[in-house]
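Kindly generate the complete structure, drawing on both the sequences and the hints.
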Amino acid sequence: MRRNTLVLFAVLVILATFAWAGWANWQYRRQTAEKQTVMGELVAVPGGTPQYISPLDGKPAPAFALKDISGTKVSLASYRGKAVLVNFWATWCTPCKIETPWLVELRNKYAAQGFEILGVDTEAEDLKPDDTAGWAKDKAAIDKFVAEEKVDYPMLLDGDSISDAYGGLDSLPASFFVDRNGKVVAASVGLTSEGDIESNIKKALNQ
Amino acid sequence: MNLMTNASFATALIVLFTSAGGAHAQIVSPGAANRPAIAKTEAVTFLFPEHVTVPAGKPSQVALHFRVGHGLHINSHTPSDEYLIPTDFSIPDGVGVRLAAASYPAGTIISLPFDPKTTLSVYTGEFIIQARILATPGNHPLQAKLHYQACDQNQCLPPKTIIVPIDVIAK
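Listed in order, the protein sequences are those of chains A and B. Quick note: the first sequence, position 109, residue 943 per the working numbering, numbers continuous. Quick note: the second sequence, position 26, residue 30 per the working numbering, numbers continuous.
The hints are simulated quantities; they were obtained by calculation from the structure and are not laboratory data. Hints should not be assumed to be uniformly reliable.
[Said to hold, decoys possible] Simulated coverage check for chain B against chain A, where a stretch passes if three residues somewhere in it have a Cβ under 8 Å from a Cβ of chain A: (1) 87-95; (2) 110-121; (3) 159-170.
Where a beta carbon is used, it is the ideal one built from N, C-alpha and C, also for glycine.
Next comes the structure, spelled out in structure tokens:
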């Protein structure tokens, strides 16, 4: 009788372990699926450049408020009513620099129609908040680049703090085109072409 | 009958343990598939040597072999632009092995299709760093580091530091 009780107890413990393992496995799969959903993917286009499909397409652009290079806090929400290109870049990213003159030109071309670009510097160097020397070095490099390239749109710092909301940003440049209602209407990762960027700007402007 | 019952229970227990173990293995398995295309590849791999034997207290040359992933490039140790992050090999302090000097290969000069005028000094494929090390007597399971930043023709990965594991035996 006592032996049967012990065996029954052991079986119950094992069944509980089994149930826990199943639950944990389900949780792991669910989290992985959620992560995949937020990160987007590159989809092959026959005979063309792979197209980035962002899970943010058609959804409200994640809100943020970051300091610009002059120390002023700039929020995405304050641009509601305008079409906005949120462009993540870094000083070490050569393709980002190649597209910068295009962005400056397109911003000037469409500004009168209610278009703005928010450049978001995303150095990903794991700088700690108290690393004043590291931040100063980064900012000096950004200031120099902004001056050299005559960037006249707001340039925001610490893009790493919002990169998860925009899909993790495993590679740069990454651009999100936001319409006047704050909804993402197109996105791209990697260097495309000035023509592709312009057509996405028109989409954001609803032209 | 009792024997049969006990044997059945034992079998059931083994099956349950095995199944639970299998489920747990799935939980801890890494989910590498959830990164966008370019990030799925490790940009740089350390090839060899895994072990070196050097005379203790005397500078010794060690050739470190690395490979850059297909379609990618990393900046050389002397990039063409001050903004770019150089490839850099280092050994942490206080591990019994000191890096006296490192000699890097010259970079290959490339340009990107979108901007043929801009040239970059990069490493692609296999490259070798000649490290001059000084070790105290003994066995040192060294965890050296390689810092680099990789791109392909259209996009760049964030800067990264990989561990370069070498067992240094100094006699």
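Exercise for review: Report holds or violated for chain A covering the stretch 159-170 of chain B, Cβ cut-off 8 Å, minimum 3 residues.
Suggested key: Check passed, 5 qualifying residues.
Review point. If you look at each residue in the stretch 110-121 of chain B, do at least three have a Cβ nearer than 8 Å to any Cβ of chain A?
Key: It holds, with 3 qualifying residues against the three required.
Point to revise | Coverage of the stretch 87-95 of chain B by chain A (three or more Cβ within 8 Å) | key: holds (count 3)
In summary, the structure agrees with every hint in the numbered list given earlier.
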